[in-house]
Amino acid sequence: MSLSAEALEVNAGDYEQFPSGATIGLLYYQHGHGDEAYVRGNKTTSDAKLDTNVGIIRLLHVYEIAPGVTVDPQFLLPVGGISTGGVLAPLGSPGGVGDIILAAPFKFKLDTEFHDVFAITPYLIAPTGTYDENKPLNFGTNRWQGVIQAAYVKHFNPVWSLDLVGDVAFYSDNTRYNSGGIGRLSQDPQFELLAYLRYKIDPALEVAGGLGGKIGGNQSFEQVSLRNSQGTTYGRLAVAYFAEPTFQIQAMIGRDLTVENGTRQATFVQLRLAKIFP
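Quick note: the sequence shown uses our numbering, first residue 1349, plus one each step.
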């Protein structure tokens, strides 16, 4: 298990085009809780406790590279802890540093009235996180990951907008997967789609609701399929408030709606603080 998937959580409004020259620092706290485990769509137990507590440091700077075109080079670093219980207790409760994430969203302004945006982002996730092949749970993955993400932001009027985001993730092999460090874990590409509908109550306050889903990502150990492809759908509700023009507070709650394989996340909570340095 890795924290990189949670660190890549797209928030409502993430793909708005930010002012050129701005530096933005963000701090996240994420908590996830689940008890129900599923195998190929069937619930196997309600005693599979899996809690995650994750902090993320994110820093980006905005460059204008052409009229209406910006790029936001950035890095994200997750840290935190995993707590298990019930049938998962033998897996332990590790803590540490996750894999560092490097990204560069390219954003293209599509019109001048409502500032609709098309964006494409390459991600590179480096195997820098805490990893021990003798432990069944780790923050790091001991493999490289690449993600291509595309997004479209449509503003219907000054208060209603829609974010559409899709991505595909690719994985190198983990060649030190099991005890002794001699096993090889492979993973097929994984696909994800997400949509947020946003409503601006006033210039400083916005609410949003989102639905998303993941498919693919089946893993194989020594070329034997583990038959654990993703088939997850989830929901999100968020509120964002600019306490001052350069400081935003965002809170989000959510949960998994359906799960094909793994532990269903019954509760997901995120608090994000963002500071803009013009």
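Possibly wrong hints are sitting among the right ones.
Unchecked claim - EDC-like cross-link-like pairs, simulated, lysine to aspartate or glutamate; straight-line CA separation at most 16 Å: (1) K1391 / E1608; (2) K1548 / D1362; (3) K1502 / E1364; (4) K1502 / D1536; (5) K1397 / D1383; (6) K1502 / D1362.
To be clear, the hints were calculated from the coordinates, so they are not data collected in a lab.
Here is how each hint holds up against the structure:
For the given pair, K1391 sits about 9 Å from E1608 by alpha-carbon distance, which is consistent with the 16 Å threshold. Of the supplied pair hints, the one linking K1548 and D1362 holds, its CA atoms being roughly 15 Å apart against a limit of 16 Å. Under the criterion of a C-alpha separation no larger than 16 Å, the hint pairing K1502 with E1364 is consistent with the structure, at around 10 Å. For the proposed pair K1502 and D1536, the alpha carbon gap of about 32 Å is over 16 Å, so the pair is violated.
For a cut-off of 16 Å, the pair hint linking K1397 to D1383 stands: about 4 Å separates their Cα positions. Between K1502 and D1362, the direct Cα distance comes to roughly 13 Å. Compliance with the 16 Å bound is thereby established for this hinted pair.
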